[in-house]
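K.L.:
Each chain is listed here by its residues.
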Amino acid sequence: MFQFFFKLAAAPNFYRFSSKLLPWLAVSTLLVIVVGLYHGLWLAPADYQQGDSYRIMFVHVPAAWMSMFIYIMMAGSAAIALIWRIKLADLFVISSAPIGASFTLLALATGSIWGKPMWGTWWVWDARLTSELILLFIYVGIISLYNAIEDKRSAAKAIGILTLVGLVNIPIIHFSVEWWSTLHQGPTVSKLDAPSIHLSMLIPLLVMAVGFKLFYLTIVLLRMQNHILLQEKNSTWLARKADEL
Amino acid sequence: MSGFFLLLKRDLILANRNRSELFNPLLFFILVSTLFTMGTTASPELLSKISAGIIWVGALLASLLSIDSIFRSDYEDGCLEQWLLSSHSSSVLVLAKIVAHWIITGLPVIIITPLLALMLHLPTESLTTLMLTLLLGTPVLSLIGSIGVALTLGLRKGGMLLPLLILPFYVPVLIFANNAVQVSASGLDASAQITMLAAILVLAITLTPITVVACLKLSVE
Chain A
38 MFQFFFKLAA
48 APNFYRFSSK
58 LLPWLAVSTL
68 LVIVVGLYHG
78 LWLAPADYQQ
88 GDSYRIMFVH
98 VPAAWMSMFI
108 YIMMAGSAAI
118 ALIWRIKLAD
128 LFVISSAPIG
138 ASFTLLALAT
148 GSIWGKPMWG
158 TWWVWDARLT
168 SELILLFIYV
178 GIISLYNAIE
188 DKRSAAKAIG
198 ILTLVGLVNI
208 PIIHFSVEWW
218 STLHQGPTVS
228 KLDAPSIHLS
238 MLIPLLVMAV
248 GFKLFYLTIV
258 LLRMQNHILL
268 QEKNSTWLAR
278 KADEL
Chain B
416 MSGFFLLLKR
426 DLILANRNRS
436 ELFNPLLFFI
446 LVSTLFTMGT
456 TASPELLSKI
466 SAGIIWVGAL
476 LASLLSIDSI
486 FRSDYEDGCL
496 EQWLLSSHSS
506 SVLVLAKIVA
516 HWIITGLPVI
526 IITPLLALML
536 HLPTESLTTL
546 MLTLLLGTPV
556 LSLIGSIGVA
566 LTLGLRKGGM
576 LLPLLILPFY
586 VPVLIFANNA
596 VQVSASGLDA
606 SAQITMLAAI
616 LVLAITLTPI
626 TVVACLKLSV
636 E
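Just so you know, the protein sequences line up as chains A and B, in that order. In the working numbering, each number is its position in the first sequence, counted from 1, plus 37. In the working numbering, each number is its position in the second sequence, counted from 1, plus 415.
No wet-lab data here; the hints were simulated from the structure. A hint or two may mislead.
[Unchecked claim] Far from chain B, by Cβ distances over 10 angstroms, these chain A residues were calculated:
no., residue
1, N50
2, L67
3, K189
4, N206
5, A279
[As the list claims (entries may be wrong)] Below, a list of computed lysine-lysine pairs in the DSS-like style, where the Cα atoms sit at most 27 angstroms apart:
no., chain 1, residue 1, chain 2, residue 2
6, A, K124, B, K632
7, A, K189, B, K464
8, A, K250, A, K57
9, A, K124, A, K57
No experiment lies behind these values; they were computed from the predicted model shown. Beta carbons are placed, not taken as given, at the ideal position from N, Cα and C, and that holds for glycine.
Just need the whole structure built from these sequences, with the hints factored in.
P.N.:
See the structure below:
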């Protein structure tokens, strides 16, 4: 098992493995998201209070989940990179950051569009909106720190540390922001024993969440391949690969 | 521990020799607070509501601007490298630098606050709370700020990057401090917020020096 991971951590092996994996991932991403959207936008019943406008939830909620999920993945990967000095883990962190920032922006934008008809305003300084906005700032900070440091290997290490600093701070920021009065509706899915969301809406929501995760995996592999190509452009295995083509 | 006090003493002597370093953040703090009143209508009712926020944002910006130079001169003349190589614990030395920075820039801000509070019509009953939050909160600002400085140390275009990196992490301190002042202004007990600030300070003192050392080692590599 460990042997397998160590072999995979070498750039040429990872490149080959991910190239094989990518077509499957891309096709399944497309399939799952199409199924999820069909169920969410056509099959699920209209909400008795919010009418059809609640359907933006099938994009908004999974995007908000992804914004935090990607950060946790990045932090885990940054820890692995710091402890075991695996270069691939560094690449995973920097490849994930722009995707996480995009999902955070998507969650904020769809939330704003949803908020206009429901709350009557585009933006409120509500707890979850504010902490999502700060999460976006942290993502942007990570990306700009990486771009500012010229030596890319120490840049990767630096953003690894910054990601871990953020991991300690994000819960504190979240709870501090919750001291304000909260307009956002409470979580409706995580109450596993009796979710206050109907099954016909929950299933498309979960399908969309899986679809977004597959999408993330596809894009992150593509971005990691790009980083490998950039970093190893003078290596022999890439020259051999180019000759084959 | 002797390394800690030696370095602290050295930094304080250096600051004393170079007085402008002492007074610039303080002047900046007073100027920012004054500009805020001119940016709004300076009516006493409005000011009494937002004065704590003005003072806190002023203190935060003063800390942010002054922290940029905390490791700069030691990095440029090579002292920093020698400290990291020395037999003293690097995190203790880093903590001494941060404590010195707080004494030089944070403490004067706290001392001048009652005067500014008077000018900004802060409700008198919440002045003690404001002072207490500043006393607990400004060291956290110095601690978190030093992480950002250590990360951007070797960079030529680090100037605008530093605020972007560390301002998001200042949010909890600002919220708890302001909440404490608001609560105490309405006559309620603010000990919950004060305790949270103290907890954040303890957490920051524990974790920050280790993180800063890791960042500094990257920067001097």
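K.L.:
Could you work out which of the previously given hints the structure breaks and list their numbers from low to high?
P.N.:
4, 7
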